[in-house]
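Student: Chain residues, written in single-letter form:
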Amino acid sequence: MQTIIDLANAVFKPVIDLGAAPIMLIVLTLIAWAVGVNFFHALEGGIKLAIAITAIGSVIGLLTTTYQPALNAFVKSTGINLSITDLGWAPLATITWGSPYTLFFLAILVIVNLILLFLNRTNTLDVDIFDIWHLSFTGLLAIYFGANLFIATILVIFIGILKIINSDLMKPTFNDLLDDWENPMTTTHLNYMMNPVIMVFDKLFDKLFPWLDKYDFDAAKLNEKIGFWGSRFAIGIYLGIFIGLISHQSVKSIATLAFMAATCLELFSIIGSWFIAAVEPLSQGVTDFANKRLGGRMLNIGLDWPFLAGRAEIWAAANVLAPIMLLEALILPGNRILPLGGIIAMGVTPALLVVTRGKIIRMIVIGAIELPLFLWAGTLSAPFITHTARALHAPGIPATGLFSSSTKEGPIEQFIAVLVGKASKGEMMMVLYAALALIAYTALFFWYRHEMMKRNQKYSDEGKEVADDVKFVATHGAAGSAD
Amino acid sequence: MTVKILAACGAGVNSSHQIKDAIEKEFKKRGYSVQADAVMVKDVNEDMMKNYDIFTPIAKTDLGFTPAIPVINAGPILYRMPAMAKPVYDKIEGVIKKENLK
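Which chain is which? The protein sequence lines are A and B, in order. For the first sequence, the residue numbers in the UniProt record's numbering are 1 to 483. For the second sequence, the residue numbers in the UniProt record's numbering are 1 to 102.
Honestly, the hints are just simulated from the structure, not real lab data. Hints are not guaranteed to be accurate.
Computed beta-carbon distance windows for the label pairs [said to hold, decoys possible]:
1. B:Gln35 - A:Ala443: 48 to 58 Å
2. B:Lys98 - A:Pro395: 49 to 59 Å
3. B:Lys91 - A:Pro395: 44 to 54 Å
4. B:Lys91 - A:Lys425: 52 to 62 Å
5. A:Pro395 - B:Arg30: 33 to 43 Å
6. A:Lys292 - B:Lys86: 14 to 24 Å
7. A:Arg297 - B:Lys91: 49 to 59 Å
8. B:Gly31 - A:Asp288: 21 to 31 Å
9. A:Lys252 - B:Asn51: 26 to 36 Å
All of these numbers come straight from a predicted model, not from anything done at the bench. C-beta atoms are modelled at their ideal positions from N, C-alpha and C, and glycine is treated no differently.
Sequences and hints are given; from them, build the entire structure.
Tutor: Dropping the structure here:
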């Protein structure tokens, strides 16, 4: 055994010592090649991934180095400890894709998806390979807090199965929102795992404040009026000015903060798109692999969430929630993030759209109620994110300070990952908390499933095409038939 | 003449870039000079549209105004199945020919 370990160390240690960028170049190239991608396309993806990891490190360094003194001064002048830099989601995706575990979780989740398809437990083939990073993040978070790989994998599989069930449950609602009952699009995106919590508040709204719905406004008109003032770079400028003024910086420093935030927010998106290009050969290879084994069966296609981005309510709610989140961040006990990169809450509003089906006032009110969960989860995850980013050994990442994202999708899953991680160390109270949290999470999900099946039954009763396994009364004669 | 296409998605990072890359690759094969840009759908406005010949969102999109250029839903490109993407490319090619954009 010792000989095997020594041999493995002799082979792998020099590679591991090279750092995340070269490791991921090698790993991604070999895995994409293994699933049938042409070697040079696989290598192209691997090189792009290495470049993206290197670039994201430099931009994180640029932002945090510029902002850390101002954030420290902000804490001094206000007494409010909001010293965690909010990077938004793109750097977190990059950091997570910089871990070889992400490819392991990807392989596991592809197998889980195929098993569920073969057993007719789902109609969804998930081709959104890039967004696997969300569940990998959850698994890595559990490991950071003490779980072993086995426990983390079980947790990832458990949430992965619920996500796939959810994609089937939401499918008729997507058809309704897109006004297209022929399209095969659905999504397994983690942001929709907030649906059960939102559904609770939506039901309360039904009982207590249904009259508020009559004040719904034209979201598209609001977005048109806001125009570029709501764009990424404009928000970076406002927040730079805001932080600079509150932390008593000079005019020159305020200008630097404003333009640096705008620059970094734009660069995060550009580098994020390099990642998409980097994993594209692998995504195509995995999809081809799955399709070959499904023999041409008609399926729903699991995509990234933005096929709903054409619904104006998503952006109107995000625009209105941005200043609300800033205000909440300032007064929320336990929060240490000052919203910046994540302030356009696109990890929050799509789920609000799906549950409320576009009732904009409900989206804003429920969004404001649930935002603290995102801020707390971001605060809790900051040490893990910072640690993981530093482990990339990408140049530019500063040695001090914490960073995170204010609206990272899946806050509830982050809390559960932390509890599961801590429980894995064997502390009885933590085991109890983790068990209770998992029971509550599962019970809430199945109550939500019941409510969605009621909704889907209504669609079916209205003559819409709805798959049998997401409603109560079967009309197709066999479970598992596609929409 | 280069045909300019505007792709848009939620963050202007993932889906729209997949559409942009796929369209550019396919139309190079078909012998056209096509340049596509990927943006956040919330940033799309009438002024921006003036710089493009065709708009390719993922699905039906409520922009708050009626686009003055042809709109082709490019969602099927994201399914990663060539047979489903082909009708989208054919529609784009149809517009290029009809509007004499080549």
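Student: Compare the structure with each hint and give your call.
Tutor: Evaluation of the provided hints:
no. : hint                           : in the structure
1   : B:Gln35 - A:Ala443: 48 to 58 Å : 52 Å, holds
2   : B:Lys98 - A:Pro395: 49 to 59 Å : 51 Å, holds
3   : B:Lys91 - A:Pro395: 44 to 54 Å : 45 Å, holds
4   : B:Lys91 - A:Lys425: 52 to 62 Å : 57 Å, holds
5   : A:Pro395 - B:Arg30: 33 to 43 Å : 42 Å, holds
6   : A:Lys292 - B:Lys86: 14 to 24 Å : 19 Å, holds
7   : A:Arg297 - B:Lys91: 49 to 59 Å : 26 Å, violated
8   : B:Gly31 - A:Asp288: 21 to 31 Å : 26 Å, holds
9   : A:Lys252 - B:Asn51: 26 to 36 Å : 35 Å, holds
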